[in-house]
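Enquirer: Each chain, written out:
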Amino acid sequence: DIQLTQSPSFLSASVGDTVTITCRASQDISSFLVWYQQKPGKAPKLLIYAASTLQSGVPSRFSGSGSGTEFTLTISSLQPEDFASYYCQQLHSYPVTFGGGTKVEIK
Amino acid sequence: EVQLVESGGGSVQPGGSLRLSCAASGFALSDHYMEWVRQAPGKGLEWVAGSRNKANSYTTEYAASVKGRLTISRDDSKNSLYLQMNSLKTEDTAVYYCARDVAAGGGWYFDLWGRGTLVTVSS
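Chains A and B supply the protein sequences, listed in that same order.
Using our numbering, the first residue of the first sequence is number 1, and each one after it goes up by one.
Using our numbering, the first residue of the second sequence is number 1001, and each one after it goes up by one.
Honestly, the hints are just simulated from the structure, not real lab data.
Please note that a few of the clues may not be correct.
[To be verified] No more than 30 Å apart at the CA atoms, straight line, and that leaves these computed lysine-lysine pairs for DSS-like:
1) B/1054 / A/45
2) A/42 / B/1067
3) A/45 / A/107
4) B/1054 / A/103
5) A/103 / B/1043
6) A/39 / B/1089
7) B/1089 / A/103
8) A/107 / B/1054
9) B/1054 / A/39
10) B/1043 / A/42
11) A/103 / A/39
12) A/42 / A/103
13) B/1043 / A/45
14) B/1089 / A/45
15) B/1067 / B/1089
16) B/1043 / B/1089
17) B/1089 / A/42
18) B/1067 / B/1078
19) B/1054 / B/1067
20) A/107 / A/42
21) B/1078 / A/103
22) A/107 / B/1043
23) A/107 / A/39
24) B/1043 / B/1067
25) A/103 / A/45
26) B/1054 / B/1078
From a predicted model like this one, the values you see are computed outputs, not experimental measurements.
Produce the complete structure using the sequences and hints provided.
Expert: Structure representation (structure tokens):
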């Protein structure tokens, strides 16, 4: 199975900050990496797929990069509505796996 | 409206059974891979099971933690996905989401999620 190691698990930031979350895969997954945002009590929301393609309707302050085993999600100019948990997911092969998550909180 | 709506969650004793349903509207279930994902209280997301589409013979995949106990199925005539849960354990306690799996733009992704249904396994 492909393991995804996401870091940090928690980060504290202020409105306007730029934050970066990293996701490392245990083997090469090409660009089959997806990022989701989840707020308490809600279903996950698709942000980015194919490592760097922004889902329609997602603000351009979200960006993704990477391929192979190293991936990043960057949020530029953090907004109040961005305080949430973020998960990476690999869809290179079954079993589908998720990273452990990153909770972004207000400093 | 394009949406997924889960139902069937509830409380059950260890060793018991439950059947979750996911009603799809606004699109044809048969065209899509469909998945179940769960989230234990205060924990992260865990993929549980997947069902390929009609073009791929409806083949299924399972996480090792549920294989042999949980069964994914679908009824395309009812546009519904199911998760039969047997021999339930306390560690199966979670919110269960169904999700649509899409291939486009050079990648796969879960683009549509239901609101989830809570399963509690406790004595």
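Enquirer: Hint by hint, note whether the structure agrees.
Expert: Now the hints, each set against the structure:
The hinted pair formed by residue 1054 of chain B and residue 45 of chain A meets the criterion: a straight-line CA distance of about 26 Å does not exceed 30 Å. Proposed proximity of residue 42 of chain A and residue 1067 of chain B is supported: the alpha carbons are some 27 Å apart, at most 30 Å. Our distance criterion of 30 Å between C-alpha atoms is met by residue 45 of chain A and residue 107 of chain A, whose separation comes to about 23 Å. Using a Cα cut-off of 30 Å, the hinted pair residue 1054 of chain B and residue 103 of chain A is violated, with the two alpha carbons roughly 38 Å apart.
A hinted pair counts as satisfied when its Cα atoms are at most 30 Å apart, and residue 103 of chain A with residue 1043 of chain B qualifies at roughly 11 Å. Of the supplied pair hints, the one linking residue 39 of chain A and residue 1089 of chain B holds, its CA atoms being roughly 27 Å apart against a limit of 30 Å. For the proposed pair residue 1089 of chain B and residue 103 of chain A, the alpha carbon gap of about 28 Å is at most 30 Å, so the pair holds. A hinted pair counts as satisfied when its Cα atoms are at most 30 Å apart, and residue 107 of chain A with residue 1054 of chain B does not qualify at roughly 49 Å.
Between the alpha carbons of residue 1054 of chain B and residue 39 of chain A the distance comes to roughly 33 Å, so the proposed pair goes past 30 Å and is violated. A C-alpha spacing of about 13 Å is found between residue 1043 of chain B and residue 42 of chain A, which places the hinted pair at or below 30 Å, so the restraint holds. A C-alpha spacing of about 10 Å is found between residue 103 of chain A and residue 39 of chain A, which places the hinted pair at or below 30 Å, so the restraint holds. Distance hint between residue 42 of chain A and residue 103 of chain A is fulfilled; the C-alpha atoms sit about 14 Å from each other, no more than 30 Å.
In summary, the hint linking residue 1043 of chain B to residue 45 of chain A is supported, as the alpha carbons are separated by about 17 Å, within the 30 Å threshold. For the hint linking residue 1089 of chain B to residue 45 of chain A, the alpha-carbon distance of about 28 Å falls within 30 Å, and the restraint holds. The straight-line distance between the Cα atoms of residue 1067 of chain B and residue 1089 of chain B is roughly 13 Å, inside the 30 Å bound, and the hint therefore holds. At roughly 17 Å between alpha-carbon atoms, residue 1043 of chain B and residue 1089 of chain B fall within 30 Å of each other, so this suggested pair holds.
Proposed proximity of residue 1089 of chain B and residue 42 of chain A is supported: the alpha carbons are some 24 Å apart, at most 30 Å. Distance hint between residue 1067 of chain B and residue 1078 of chain B is fulfilled; the C-alpha atoms sit about 25 Å from each other, no more than 30 Å. Simply put, residue 1054 of chain B and residue 1067 of chain B have alpha-carbon atoms about 22 Å apart, close enough for the 30 Å limit, and the pair holds. Taking the CA atoms of residue 107 of chain A and residue 42 of chain A, the gap is near 23 Å; set against the 30 Å cutoff, the hint holds.
A distance of roughly 38 Å separates the Cα atoms of residue 1078 of chain B and residue 103 of chain A; the hinted pair therefore is violated under the 30 Å criterion. Of the supplied pair hints, the one linking residue 107 of chain A and residue 1043 of chain B holds, its CA atoms being roughly 22 Å apart against a limit of 30 Å. The hinted pair formed by residue 107 of chain A and residue 39 of chain A meets the criterion: a straight-line CA distance of about 17 Å does not exceed 30 Å. Between residue 1043 of chain B and residue 1067 of chain B, the direct Cα distance comes to roughly 21 Å. Compliance with the 30 Å bound is thereby established for this hinted pair.
Between residue 103 of chain A and residue 45 of chain A, the direct Cα distance comes to roughly 15 Å. Compliance with the 30 Å bound is thereby established for this hinted pair. Note on residue 1054 of chain B and residue 1078 of chain B: the hinted pairing holds, with a Cα-Cα distance of about 14 Å set against a maximum of 30 Å.
In this structure, the earlier hints numbered 4, 8, 9, 21 are contradicted, and the remaining ones agree with it.
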